[in-house]
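Student: Okay, here's what each chain looks like letter by letter:
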Amino acid sequence: MPSGVKPGRYFVQGDEAIAEGAIAAGCRFFAGYPITPSSEASETMARRLPEVGGVCLQMEDELASIHSVGGAAVGGLKAMTISSGPGISLKLEGLGWGIKNEIPYVVVDIQRAGPSNGVATRVGQGDLYTVRYGSAGGNHCTIALSPKSTQEAFDLTIECFNFSEIFRCPVFLLSDETVGHTRELLVIPEESELKVVKRIKPTVSPEQFVMYPLDTPGVINHPFPNIGEGYGICVSPYTHTSKGYASTAQEIQEKMAKRLVYKVTENLDKLLRVEKQKMEDAEFAVVAYGGNARPAIAAMEMARERGMRVGFFRPIIVWPFPDGEVLKVAEKVKAILVCELNIDGQLVREVARAAKGKAKVYHLGSGGVEPHLPAQIFSEVRRLYK
Amino acid sequence: MAITIIKDFCKGCGFCIANCPKKVYEVSNEMSKKGYRLPSPVRVEDCIECGLCDLHCPDFAIVVEKTKKKEKGKAKGKEAR
Amino acid sequence: MSAAGQTLKLLHPLVEKYLRKERMPHMACSGCGIGQVVHSTLLAIDDLGLTPQDTVWVQGVGCSSRITYSTWVGDNVDAHHGRIFAVATGLKMARPDMNFILFTGDGDCGAIGGNHFIHACRRNLDVTAILFNNGIYGMTGGQVAPTSPVGAVTTTTPYGNIEDPFDMCQMAVAAGASYVARWRSTDFKPLVASIKKGIQTKGLAFIEVLLQCPTNFGRYVLKTSSPLEVVKWIKEHSVTQKEAEKLSKDDLAGKYLLGEFVHRPERRGIVERYQELLKQHQKE
Chain P
258 MPSGVKPGRY
268 FVQGDEAIAE
278 GAIAAGCRFF
288 AGYPITPSSE
298 ASETMARRLP
308 EVGGVCLQME
318 DELASIHSVG
328 GAAVGGLKAM
338 TISSGPGISL
348 KLEGLGWGIK
358 NEIPYVVVDI
368 QRAGPSNGVA
378 TRVGQGDLYT
388 VRYGSAGGNH
398 CTIALSPKST
408 QEAFDLTIEC
418 FNFSEIFRCP
428 VFLLSDETVG
438 HTRELLVIPE
448 ESELKVVKRI
458 KPTVSPEQFV
468 MYPLDTPGVI
478 NHPFPNIGEG
488 YGICVSPYTH
498 TSKGYASTAQ
508 EIQEKMAKRL
518 VYKVTENLDK
528 LLRVEKQKME
538 DAEFAVVAYG
548 GNARPAIAAM
558 EMARERGMRV
568 GFFRPIIVWP
578 FPDGEVLKVA
588 EKVKAILVCE
598 LNIDGQLVRE
608 VARAAKGKAK
618 VYHLGSGGVE
628 PHLPAQIFSE
638 VRRLYK
Chain X
47 MAITIIKDFC
57 KGCGFCIANC
67 PKKVYEVSNE
77 MSKKGYRLPS
87 PVRVEDCIEC
97 GLCDLHCPDF
107 AIVVEKTKKK
117 EKGKAKGKEA
127 R
Chain G
13 MSAAGQTLKL
23 LHPLVEKYLR
33 KERMPHMACS
43 GCGIGQVVHS
53 TLLAIDDLGL
63 TPQDTVWVQG
73 VGCSSRITYS
83 TWVGDNVDAH
93 HGRIFAVATG
103 LKMARPDMNF
113 ILFTGDGDCG
123 AIGGNHFIHA
133 CRRNLDVTAI
143 LFNNGIYGMT
153 GGQVAPTSPV
163 GAVTTTTPYG
173 NIEDPFDMCQ
183 MAVAAGASYV
193 ARWRSTDFKP
203 LVASIKKGIQ
213 TKGLAFIEVL
223 LQCPTNFGRY
233 VLKTSSPLEV
243 VKWIKEHSVT
253 QKEAEKLSKD
263 DLAGKYLLGE
273 FVHRPERRGI
283 VERYQELLKQ
293 HQKE
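Protein chains in written order, with the numbering used here: chain P, 258 to 643; chain X, 47 to 127; chain G, 13 to 296.
By construction, these hints were calculated from the structure, which means they are not laboratory data.
In this text the structure is predicted, and so the values were computed from the model without any measurement.
Each hint can be trusted.
Straight line, CA to CA, 27 Å or less: simulated DSSO-like cross-link-like pairs of lysine-lysine:
id, chain 1, residue 1, chain 2, residue 2
1, P, LYS500, G, LYS21
2, P, LYS585, P, LYS613
3, G, LYS291, P, LYS455
4, G, LYS21, X, LYS79
5, G, LYS244, X, LYS68
6, G, LYS291, G, LYS214
7, G, LYS295, P, LYS263
8, P, LYS533, P, LYS452
Please work from the sequences and hints to get the whole structure.
Tutor: Written as structure tokens, this is what we have:
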């Protein structure tokens, strides 16, 4: 099968970059349902996946998309689905199947203004908590990465696939309409320069292999045998034993919950990715992510031009949230301004929690449709800066 | 020829008793560990090895060891019901 | 001489060959027809020479699935409620070389799973789906199903069901499945033959099986505790298509039609069509 990597310089939207990143990562199954502002990615996959021998299906709805992605992953393929807020809400139960059975695949959310259908064609940032806590029942830790540009959309999609195989779980690419629809430079390197993690297969016999390592909750890089490989795998939506047999025992539930949580929390060092600009001597920090990051960086530069010691901080891996790094920022600066495209306050809650009161935390929220203008953010920075 | 009731699988539904064309089975006084009244092949000498008890048993609890040829026609008539 | 109730070491040959011993006896209620349908399925698998290496059992949620899940000695994939056909689409497109036998139920296929069922038939996905129709929601305690007869008293229709039941076979025919049939759990010979035919037919094989649920349908709808009474009720309310030709419309009311409804293996399904797409567009 052709590798699908097409080295070169391209002028494309973030959505298309995500599709190319997926193919470069080895994704060979895509299922989706059209939803603005993600459809361009689905359309790119429809065109490109058959070229590389992959399967691309437009399914009948959002649920069929995520469930067939789960099925394809169990069937042996790297798989992905893409949607926006309303569709992600629909997918949440299906996501639980992937979480529970430790199935690797990637879910992309191109966030748009909400709630409900909101403004389909315009940006929002209201799904931060949805992707973390939306799937029923808790007892798991989400991994979510968020790009600020077309280039990052490509790069981080590959990372998402890698993390999904290493941690054996669904991983989110939490993007938004600003990144999804901005057309800019994408550089695809030679295939040899890309780091792609292959699916890990068992080296022991089926009798010895532990499908779900409940007794070693912190392990990662755990093999994932698929159907037809002689391992007699059992996959179930219910709480189950290490073999996959459904169980109502409290002991099993406890072990399973710990497994799904600890495999992330005991490996946080591998899931730390942040961006800092001019934080060394900063007294004030501006925090933003995704499509709102570059306006915040521009506002930071405006402040610096006027002699204000302002720095910029961005979580690139938004879940697990980089508590330690935010605390370092809070201990350094007097105040933090969190700029996000929601009024209810999601990123700001995480920053305030992680800051532990070491710095004042302020919220510049907007309902969405447009990202913040640099001038808007700068105006607030100037007002708060002392 | 032997008929074995696998006691741990039988759930006392009575299908073997009801469907045997030769009335080989009756409810016995024996109870399984789970409290089901077990059937017993009391007239095993009348067994024609049609295999209907095996087929009708939802729990794979009957094993009929076949030693003679199936009597054609009789079994067919019952199965088509 | 008989040797009633011998040691545990003797197992039914089908259990010996195809089922996980540690998962037996399965958890169906006494008298439930699910075990009978599993028996017919295993006979079909055995006759055709399918193996645990090349065949996957796929389930949803409900008695059909929870009882059969993790009994097959090969791979078992149990999907969320209603999503069995969607999961099977992913499985089959990833591994078109393997056989997939789906066990689904009234709600799993006809209610929450309706949309995926319709589209799987439309796509003519090359799998064999067995619908366990017991006219009620068993696993959750006896609520009304889209397949419950009119007038059925259930836990959510205490005054009697006012909705007409869903003819899932006709839906499968209309949506495009290659092979559609309906039998009862006690129609062993034709059921085994249908399952074999379904497995061998390219495209979606949909086999609906009417079966007894003594615990819920028996108790609530028929007011009986006897599994035999439920089997009798099913027999009294089902007719072959030939018999139906001689009956009036009134006599046919409330009766299930048995037999084969369609067999069109020439209708190409998504697996075949996708392979052709790849032949045309795959580079290298």
